[in-house]
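Participant: The whole structure should be built from the sequences, with the hints applied where relevant.
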Amino acid sequence: MKLQSMIGLLQATPVTVNDPYIAFKEYLYVSCTDLMSDALAMICTNPAQTILLTGLANGQALRTAEMMDINVIILCRNKTLSEDNIDLATSMEMNVFTTSLPMFEAVGVLYKEGLKTATRNDDQNI
Amino acid sequence: MMIKTYDLEANDFTAAGSISSDIKKIAKSYGMSVEMIRRVAVACYEAEINMIIHSHGGQIQLNVDDDWFTIVFRDTGPGIEDLELAMQPGWTTASVDAQSMGFGAGMGLPNIKKNVDTFELLSSPKGTLLRIGFRQKGESV
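Protein chains in written order, with this note's numbering: chain X, 1 to 126; chain U, 127 to 267.
One or more hints might be untrue.
To be verified - BS3-like mimics (lysine-lysine), calculated; alpha carbons at most 30 Å apart, straight line:
id, chain 1, residue 1, chain 2, residue 2
1, X, K116, U, K252
2, X, K25, U, K151
3, U, K252, U, K130
4, U, K263, U, K252
5, U, K154, X, K25
What the hints assert, rightly or not - Here are some, though not all, of the chain X residues that point toward chain U, as calculated from beta-carbon distances under 8 Å:
id, residue
6, G8
7, L40
8, Q60
9, M67
To be clear, the hints were calculated from the coordinates, so they are not data collected in a lab. Glycine included, C-beta positions come from ideal geometry on N, C-alpha and C.
Facilitator: Printed below as a string of structure tokens:
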């Protein structure tokens with residue numbers, strides 16, 4: 001699904017956009033977590049097609065996405081970034097949006113539209 | 127041979143990840159595969175966060191030669207009481223503050239080990255030393 005469509009479904013607004021073409025890119029997978037340890041340990045999909053959906057609006061959410069090569073973060077519950085973290089996101093060319101939906105509803109909307117989980121619980125590999 | 131050393135302060139969440147970000151850029155400059163760069167970045171970031179959460183501060187040293195990309199994390203204590211427990215997924219001694227930053231779920235060390243080619247962990251009350259290595263040539267992990 002194009003990010004543009006996802007943004008529309010979630011009624012999300014931009015916090016900082018650093019790729020002018022990002023809205024037209026296709027995304028297939030969502031990692032939904034407030035726990036960055038889980039994102040780092042369990043995301044197993046192509047990062048270029050993966051979005052991080054989280055309620056954690058801090059530098060560590062940005063850093064986690066950076067380490068995983070993910071370039072789109074959607075914040076739930078109207079969370080936004082501090083000015084310092086907007087600068088950090090810009091330096092990483094990260095694209096961050098915010099939606100008023102709580103995480104459960106945001107995930108439900110995207111799941112219903114066919115997006116898949118980006119994570120797996122593969123204990124045998126840990 | 128290239129060596130670069132970084133100082134790290136305990137509990138400095140503002141800077142957390144900046145060293146790993148720099149090391150990731152260096153890994154890219156060495157022409158590593160995208161997958162390997164990600165493994166370096168994830169392992170390094172987990173270890174950097176561990177040092178910020180759990181240690182009194184210390185140093186991170188990157189060593190690169192023709193065959194290996196090695197990162198050494200050396201702190202000044204208080205050490206890991208039970209290394210075997212610390213390697214178990216889900217076991218943690220992290221504070222509520224650390225958990226509110228999105229970490230401290232007890233996944234750090236197991237995830238580091240999963241992503242590296244060599245893993246060495248030594249600890250005493252005087253400090254912890256973690257040495258992780260990535261083969262620069264050929265398939266690994």
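Participant: Next, verify each hint and record whether it holds.
Facilitator: To see whether the hints hold, each was checked on the structure:
Between the alpha carbons of X:K116 and U:K252 the distance comes to roughly 46 Å, so the proposed pair goes past 30 Å and is violated. Annotation: proposed proximity of X:K25 to U:K151 holds, straight-line Cα distance about 24 Å (limit 30 Å). Proximity of U:K252 to U:K130 is assessed by CA-CA distance (about 23 Å); at most 30 Å being required, the pair is judged to hold. A C-alpha spacing of about 35 Å is found between U:K263 and U:K252, which places the hinted pair above 30 Å, so the restraint is violated.
Our distance criterion of 30 Å between C-alpha atoms is met by U:K154 and X:K25, whose separation comes to about 24 Å. Given hint, X:G8 at the interface with chain U, is violated; its Cβ is 28 Å from that chain's nearest Cβ, farther than 8 Å. With its C-beta approaching chain U no nearer than about 5 Å, X:L40 sits inside the 8 Å limit, and its interface hint holds. Interface restraint check for X:Q60: the shortest CB-CB distance to chain U comes to about 5 Å, inside 8 Å, so the restraint holds.
At a threshold of 8 Å, the smallest CB-CB gap from X:M67 to chain U is about 4 Å, leaving the interface hint in force.
Checked against the numbered hints above, the structure violates hints 1, 4 and 6; every other hint is satisfied.
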